[in-house]
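Asker: This is what each chain is made of:
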Amino acid sequence: GAGVSQTPSNKVTEKGKYVELRCDPISGHTALYWYRQSLGQGPEFLIYFQGTGAADDSGLPNDRFFAVRPEGSVSTLKIQRTERGDSAVYLCASSLEGGRETQYFGPGTRLLVL
Amino acid sequence: AQKITQTQPGMFVQEKEAVTLDCTYDTSDQSYGLFWYKQPSSGEMIFLIYQGSYDEQNATEGRYSLNFQKARKSANLVISASQLGDSAMYFCAMRAPQNAGNMLTFGGGTRLMVKP
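For the protein sequence lines, the chains are H and L, in the order given. Reading the first sequence from the start, the letters are residues 5 to 118 in my numbering. Reading the second sequence from the start, the letters are residues 71 to 186 in my numbering.
Okay, chain L solo, but in the shape it has when bound:
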């Protein structure tokens, strides 16, 4: 079974600074995908970034980058130049390929608070 662990229930970061949100995962599959979603107070899950297990380079999307360390089974999200609008819950998720449809398994989330 897959498991996602996010060990930081809450994080503070100063506006304009970078912040790293931790995510470790456990799977027996060789092929898998890792996702980060942002959930503001409105409740909608917003897709941020994706990393495939066979991707050789770390994924980047604007101010978001994924620090993928396969041997350590970690997929940390790095947000550069934090903005007040980045304050939200952040969820790490993994696709489970052995199940039909590749549903996502989510971690417990990290609440990020950006200080002005």
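Just chain H, same shape as in the assembly:
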């Protein structure tokens, strides 16, 4: 079946602008994760959804970052007043239930803030 998809694949924006990044998880997966991967580093956890609710948002760096999953499927990561330091690859992953199941990743969105 279809894997995790993310759009856009690339996003270039200017400092101070607002951006939205979209993730479409594997059908039937109730758990959804967002990670951020800076150049030359491993991914770092941002937020986890179980169904529609954010079960853990401890990885969000500040209040400029927000994510939603209103219907328990597609999720949108929203970044306000973007800064150059937000430039990174934003990865989305999903798993069947959020417990011990393997997380499957999408191709990521490469965000560049000029």
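The set of hints was computed from the structure by calculation and includes no laboratory data. Since the structure is predicted, the reported quantities are computational estimates derived from the model, not experimental observations. Positions of the beta carbon are idealized from the N, C-alpha and C atoms, including for glycine.
Label pairs and their calculated CB-CB ranges:
# : chain 1 : residue 1 : chain 2 : residue 2 : range
1 : H       : Ala6      : L       : Lys140    : 32 to 38 Å
2 : L       : Gln153    : H       : Arg26     : 31 to 37 Å
3 : L       : Asp125    : H       : Gly20     : 45 to 51 Å
4 : L       : Thr90     : H       : Gln45     : 19 to 25 Å
5 : L       : Ala71     : H       : Ser42     : 15 to 21 Å
6 : L       : Thr90     : H       : Val78     : 37 to 43 Å
Mind docking chain L on chain H? Use the hints.
Answerer: Leaving out everything else, chain L in the frame of chain H:
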């Protein structure tokens, strides 16, 4: 807090030879899971292999095997018969059970380059 350490920033291997990528971890949990992912230049993280902390045997998946040494807290990935398509970044990750949802903690990665 969990920590994953990958001490090899880059590795070369000759095509058709085996290669070991190192991973050590630190956790106070008794129950945990260890994962290896491959990230080619396209950027997608591809799941390779999983080892549970209570699994008695080392995990194997095709050409991939995990050399799990619990007492040493190491979970090295062994790739047998390397292929040119194995050239990529490889990340070791650990599941953090005390956090809701079991998010993954990743190491810094190892870049593997397979020489023809």
